[in-house]
Amino acid sequence: MSVWLLLGNEGLEKERNTSFCSPAPSAIIFGRADGDRVAVTRDLALRPGYTLQFKLNIGCESVFSASAPVLLQYSHDAGRTWALVQDGCFPESPAASGCEGSGRELREPSVYYTGDYERWTRITVVIPRAVAASKTRFRWFQESSVYRDAPPFALDGVYISEPCPNHCGGHGDCISGVCFCDMGYTVELERSSCVPSAVSPSELSDGFEGKLSAQWQSLSGGAVGDGCGTIGEGKALYFSSLGRREARTAPLDTTHTRLVQFYIRIGGKNMGSSCTRPRARNEGVCVFISCTGGVQD
Numbered sequence: 004m005s006v007w008l009l010l011g012n013e014g015l016e017k018e019r020n021t022s023f024c025s026p027a028p029s030a031i032i033f034g035r036a037d038g039d040r041v042a043v044t045r046d047l048a049l050r051p052g053y054t055l056q057f058k059l060n061i062g063c064e065s066v067f068s069a070s071a072p073v074l075l076q077y078s079h080d081a082g083r084t085w086a087l088v089q090d091g092c093f094p095e096s097p098a099a100s101g102c103e104g105s106g107r108e109l110r111e112p113s114v115y116y117t118g119d120y121e122r123w124t125r126i127t128v129v130i131p132r133a134v135a136a137s138k139t140r141f142r143w144f145q146e147s148s149v150y151r152d153a154p155p156f157a158l159d160g161v162y163i164s165e166p167c168p169n170h171c172g173g174h175g176d177c178i179s180g181v182c183f184c185d186m187g188y189t190v191e192l193e194r195s196s197c198v199p200s201a202v203s204p205s206e207l208s209d210g211f212e213g214k215l216s217a218q219w220q221s222l223s224g225g226a227v228g229d230g231c232g233t234i235g236e237g238k239a240l241y242f243s244s245l246g247r248r249e250a251r252t253a254p255l256d257t258t259h260t261r262l263v264q265f266y267i268r269i270g271g272k273n274m275g276s277s278c279t280r281p282r283a284r285n286e287g288v289c290v291f292i293s294c295t296g297g298v299q300d
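Those letters in the sequence shown? Residues 4 to 300, by my numbering.
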């Protein structure tokens, strides 16, 4: 039996490029404009800590847009009401939103925007206890009936079940509890998780005066520049784009690491439109460490 209860506005309009970034044959594409685009699962019996994993591409678009995001939601009442699988938890979030305690973990909501998913991106969500409390159905929803120019989106590799060890280190597909690792990663026999095939570097040092260090795995919303003036000395990594702003390192061996050091400036006074003054706590910069490739338990 298929896991899908409903696929709404599946397919592409004839005038669109039907290749859609060369998806895998198993990908489901939602690109018709006859109403909202939606993929709804059947009711599932879950346990807290189960994994919801999927690959997402939104329109192959690199330009950020806050219009018509793809929402990942759940329902406990056969689809009458829906809520986000994961609410956002930011420094200014009230305790009533589920972000309780001084040691609360910051996280983004299960809302996915055009521009942040130009390429096929694996997303792994650890299902919260409240979501797994009853028979649950999920849906991926894009309000394309309101936003007529909303880009299509596509899903692939949907998996909802028991988690893999260490969530495959964030570098592999979890299928029936077994990790299938990305290129450049291999299964570690002791933990059955994905680890780099080559020895990981033990340090990263980058002054941003030339080519970016190979130890940066990804960079979103930023580039080398001087939009906020000189910080320390010379050029800096300057983030000003709409959408996600993130610098993520490649896996590092931190066994003997004792220090993380960097210079930072968040906005400024009298520096013009390229470096405006921050006005809210949510404009801060968070520094995270992860041993699971960014998957949050």
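If you're looking for bench data, these hints aren't it; they were derived computationally from the structure. Misleading hints may appear alongside valid ones.
Below, a list of computed lysine to any residue pairs in the SDA-like style, where the Cα atoms sit at most 20 Å apart [claimed, not checked]:
#	residue 1	residue 2
1	K138	S208
2	K238	F265
3	K238	L222
4	K138	R83
5	K272	R251
6	K214	I269
7	K238	A250
8	K138	S5
9	K238	I269
10	K214	E191
11	K138	S96
12	K138	F242
13	K272	G230
14	K214	P199
15	K138	E111
16	K214	L240
17	K214	T189
18	K214	S195
19	K238	E212
20	K214	P204
21	K214	T252
22	K138	P204
23	K272	Q299
24	K214	V198
25	K138	W123
26	K214	V161
27	K138	D46
28	K214	I234
29	K272	D229
30	K138	A226
31	K214	Y266
32	K272	G213
33	K238	P204
34	K138	D229
35	K238	S208
36	K138	R50
37	K238	V202
38	K214	V190
39	K238	T258
40	K238	L255
Computed from a predicted model, the values in this text were never measured in an experiment.
Verification of the supplied hints:
no. : hint           : result
1   : K138 with S208 : 49 Å, violated
2   : K238 with F265 : 13 Å, holds
3   : K238 with L222 : 16 Å, holds
4   : K138 with R83  : 14 Å, holds
5   : K272 with R251 : 28 Å, violated
6   : K214 with I269 : 23 Å, violated
7   : K238 with A250 : 16 Å, holds
8   : K138 with S5   : 17 Å, holds
9   : K238 with I269 : 15 Å, holds
10  : K214 with E191 : 32 Å, violated
11  : K138 with S96  : 28 Å, violated
12  : K138 with F242 : 42 Å, violated
13  : K272 with G230 : 13 Å, holds
14  : K214 with P199 : 23 Å, violated
15  : K138 with E111 : 25 Å, violated
16  : K214 with L240 : 12 Å, holds
17  : K214 with T189 : 29 Å, violated
18  : K214 with S195 : 36 Å, violated
19  : K238 with E212 : 6 Å, holds
20  : K214 with P204 : 18 Å, holds
21  : K214 with T252 : 15 Å, holds
22  : K138 with P204 : 45 Å, violated
23  : K272 with Q299 : 36 Å, violated
24  : K214 with V198 : 26 Å, violated
25  : K138 with W123 : 30 Å, violated
26  : K214 with V161 : 37 Å, violated
27  : K138 with D46  : 6 Å, holds
28  : K214 with I234 : 18 Å, holds
29  : K272 with D229 : 15 Å, holds
30  : K138 with A226 : 45 Å, violated
31  : K214 with Y266 : 19 Å, holds
32  : K272 with G213 : 28 Å, violated
33  : K238 with P204 : 24 Å, violated
34  : K138 with D229 : 52 Å, violated
35  : K238 with S208 : 14 Å, holds
36  : K138 with R50  : 10 Å, holds
37  : K238 with V202 : 30 Å, violated
38  : K214 with V190 : 32 Å, violated
39  : K238 with T258 : 30 Å, violated
40  : K238 with L255 : 24 Å, violated
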